[in-house]
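2 protein chains.
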Amino acid sequence: MSSAIELIKLAKSAAGSLAQASTQQKNNALESIARLLPERANEIIAANQLDLQRAVSEGLAQGLQDRLKLDEKRLNALADAIRLVVGLPDPVGELVRGFTLPNGLKVSETRVPFGVIGAIYEARPNVTIDIASLALKSGNAIVLRGGSAAENTNRVLVRLLQDGLASAAIDSNVVQTVDEFGRDGANEMMNALGLIDVLIPRGGPGLIQSVVQNSKVPVIQTGDGVVHLFIDETARVDWAVAIALNSKVQRPSVCNALETLLVHEKAAATVMPAILDALTQAGVTIHGDEKVAASRSGVVPAEEADWHTEHYSLDISVKVVSSLDEALEHIAKYSTHHTESIVTENLANAERFLAEVDSAVVMVNASTRFTDGGEFGFGAEVGISTQKLHARGPMGLPELTSTKWVVRGTGQVRA
Amino acid sequence: MSSAIELIKLAKSAAGSLAQASTQQKNNALESIARLLPERANEIIAANQLDLQRAVSEGLAQGLQDRLKLDEKRLNALADAIRLVVGLPDPVGELVRGFTLPNGLKVSETRVPFGVIGAIYEARPNVTIDIASLALKSGNAIVLRGGSAAENTNRVLVRLLQDGLASAAIDSNVVQTVDEFGRDGANEMMNALGLIDVLIPRGGPGLIQSVVQNSKVPVIQTGDGVVHLFIDETARVDWAVAIALNSKVQRPSVCNALETLLVHEKAAATVMPAILDALTQAGVTIHGDEKVAASRSGVVPAEEADWHTEHYSLDISVKVVSSLDEALEHIAKYSTHHTESIVTENLANAERFLAEVDSAVVMVNASTRFTDGGEFGFGAEVGISTQKLHARGPMGLPELTSTKWVVRGTGQVRA
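Sequence order for the protein chains is E and X. Quick note: the first sequence uses my numbering, first residue -19, plus one each step. Quick note: the second sequence uses my numbering, first residue -19, plus one each step.
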């Protein structure tokens, strides 16, 4: 193909057949894809080696190299994840609402696929398989734009996806990659109003902001998490320590990990030392305000930028606040509206925090790590929406659908 | 204020208090606004006269002058419409889903206001009142940008809205107009990511496309309707005539009115003449393809542009097609995905039409005029969404809300 837009049009023209495919047909395609992943391990890993060699020669960061890598174990894990998607209920056709009007018209609202989903993401080939399998299960064609560092791997994976679809008699054009067109491919996707129904960016804040700022196609914004935990003056010490530690260190590289700890000044002497001891012992670097720095040694002075930062690492920003009001103001100013939690024994403070914090997920006395589709029982991870339109918080398969109103009459006209 | 962005920030900073306001408080504000409309009739009509005089001197089209005009009767109708909104259930706080996880975490998803809604619309001062009352009932602050032709009227109406809010002890900053900044005001709104949560354009296709193409803030696209009716070969003549006539002539100036009639060639001699006779008698001009033009006198030859046109008038485009497939292809090419209807007695054709037409509302044997929030029983008219994200079809108050996940724990951490 000579341009990305032609590939996008191919996906669009094939989308109708996928939208009408039965659950059985879609599951057959997913089973084929799961089977092909280990069968084609040699070919995939060979392509992946080319990408890895380039990554090494271009000096890609070690963490990014690791995310780029596929081996037999990871391929098997991807196949298992696809079989999990096979087991999830098909959202397409679900009746959302239905009623009969006084004039006898039967009105129903049912779930339908969006049509064509676009995904723009970084060089993580597992996302290619993850997001394609979720799109297919929800009846959506998918146009992929992965990071150029994974181009060889993604080319092989997209062919595999297309072969799996063809074996289940689904038009393989419903999966397309525009990787070969580089940045132009991403730009064409962001301008493809009327062809792509929704764009989902997955990756770091830079990628997401770029798509949100530049896309004419509607976007579901995911991921970005400057997550706060507020330790109220009445917080139980054991809960405060356990929740802060779990929120920060259980998996620091993900979006629901804790970034900023706010401590009520009346808890600064009673609760904070135990929390900071536990964090320090777990290898966390404390970036503290003046009061935190004055309270113990080894604290890195926090700068303004720290309050805006998603560390993705064993670093935490810590601030002492004079009141719940100050905590709420700080969160309103710096939060990315992902997840915020309060540790408290005071009912009024808990309810006020839950009501006034304007985030996708608000918690009382729980680890921020629970903001997760798997933990919520949704079965698969589409992403965590931090916007208010369409979907908010952990997204399951139903969030990859729209609805359609069906009206069945017997000649009714409007009076 | 020296800039639109300052007014938008004022609305944002006041939005939190409105989001927390009780249903009673919001209803009190709406009742005050309904009472003030007739009380201030003289002041409103005087301001409206200034706008009307300018409209006359600038040669504004007669239809637009009529839409611009407010008189005592229209003010009373606006007050009645607000009292209807008072009677609607408050969507804020509605429980969408709730469950307890195996670890004891109590998880619930409840409706919350978006925060700040932006409305960009043409010179129709009734929209100022309509959309503000719907926004207030759903707990949202609102930033208004009406057409400059209604600037004097809107200024008086916004002050009235603010006075009504203040009398119910709600921060009157939750209603703002950026009319004084002209086009700059609209541009600031479209760029106000993080301040305005959703933009709703209301007006003609030009306005809507401009907002969809240029806004960085998420948009709910409404209105635009190139609506199709397909007369299948098995259509009952009486239903076909009644539905075509009602869809086209009952109120031709609205988005759910019929624009294009597609007729199966086997119905061209049996059903079409009765339909076109009825339309002609009702004063409708027929823009027909060659087969239609050959079948009767008085047909204006249809041009390519007709198939794309929302006439908003007593004009209809008519085409004879050879099959359901050709009808579906025509609709896929020219529809704006608002409403399409089929008249048929054939079950398989009905089901195929309902399944394959990708529009917000699809109908069998019913007038397209039923695509309407009031007809669906939603009580108030926010607009009809023709996009797939967030809301599709007639929008009620719940579509002006987002949701928030609340997690209540007792010290749980993730294993």
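Just so you know, the hints here were simulated from the structure itself, not pulled from any lab data. Small disclaimer: the values here were computed from a predicted structure and weren't measured. Any given hint could be a false lead.
[To be verified] In silico SDA-like links for lysine to any residue, alpha-carbon gap of 20 angstroms or less:
1) X/K(-11) with X/N171
2) E/K(-11) with X/K(-11)
3) E/K86 with X/A335
4) X/K313 with E/V192
5) X/K86 with E/E331
6) X/K(-11) with X/V197
7) X/K(-11) with X/L175
8) X/K86 with E/R34
9) X/K196 with E/V192
10) E/K313 with X/G(-4)
11) E/K196 with X/V192
12) X/K49 with X/V66
13) X/K86 with E/A222
14) E/K313 with E/E336
15) X/K313 with E/A(-1)
16) X/K(-11) with X/L173
17) E/K271 with E/A254
18) E/K(-11) with X/G(-4)
19) E/K196 with X/G73
20) X/K196 with E/R332
21) X/K(-11) with X/A248
22) E/K(-11) with E/A254
23) X/K313 with E/E(-14)
24) X/K86 with X/G73
25) X/K196 with E/K(-11)
26) X/K86 with E/A335
27) X/K196 with E/L187
28) X/K313 with E/L175
Results for each hint:
1. X/K(-11) with X/N171: Roughly 13 angstroms between the alpha carbons, so the hint for X/K(-11) and X/N171 holds.
2. E/K(-11) with X/K(-11): Distance ~41 angstroms between E/K(-11) and X/K(-11) Cα, so the pair is violated.
3. E/K86 with X/A335: holds (16 angstroms)
4. X/K313 with E/V192: violated (28 angstroms)
5. X/K86 with E/E331: holds (14 angstroms)
6. X/K(-11) with X/V197: Holds: X/K(-11) and X/V197 sit about 15 angstroms apart, inside 20 angstroms.
7. X/K(-11) with X/L175: Distance of about 7 angstroms is within 20 angstroms: holds.
8. X/K86 with E/R34: violated (48 angstroms)
9. X/K196 with E/V192: Between X/K196 and E/V192 the Cα gap is close to 7 angstroms, so the pair holds against 20 angstroms.
10. E/K313 with X/G(-4): holds (13 angstroms)
11. E/K196 with X/V192: The given pair, whose Cα atoms are some 7 angstroms apart, holds under the 20 angstroms limit.
12. X/K49 with X/V66: Answer violated: X/K49 to X/V66 is near 25 angstroms, above 20 angstroms.
13. X/K86 with E/A222: Answer holds: X/K86 to E/A222 is near 19 angstroms, not above 20 angstroms.
14. E/K313 with E/E336: holds (13 angstroms)
15. X/K313 with E/A(-1): holds (18 angstroms)
16. X/K(-11) with X/L173: Holds - the C-alpha atoms of X/L173 and X/K(-11) are around 11 angstroms apart, at most 20 angstroms.
17. E/K271 with E/A254: holds (16 angstroms)
18. E/K(-11) with X/G(-4): Violated - the C-alpha atoms of X/G(-4) and E/K(-11) are around 43 angstroms apart, more than 20 angstroms.
19. E/K196 with X/G73: Given pair E/K196, X/G73 is violated - Cα atoms ~32 angstroms apart, limit 20 angstroms.
20. X/K196 with E/R332: violated (32 angstroms)
21. X/K(-11) with X/A248: violated (59 angstroms)
22. E/K(-11) with E/A254: Outside the cut-off at roughly 58 angstroms; violated.
23. X/K313 with E/E(-14): holds (17 angstroms)
24. X/K86 with X/G73: Holds - the C-alpha atoms of X/G73 and X/K86 are around 16 angstroms apart, at most 20 angstroms.
25. X/K196 with E/K(-11): Not satisfied, since the Cα-Cα distance of roughly 24 angstroms exceeds 20 angstroms.
26. X/K86 with E/A335: holds (16 angstroms)
27. X/K196 with E/L187: The hint holds at about 15 angstroms.
28. X/K313 with E/L175: holds (12 angstroms)
Checked against the numbered hints given earlier, the structure breaks hints 2, 4, 8, 12, 18, 19, 20, 21, 22 and 25 and satisfies all the rest.
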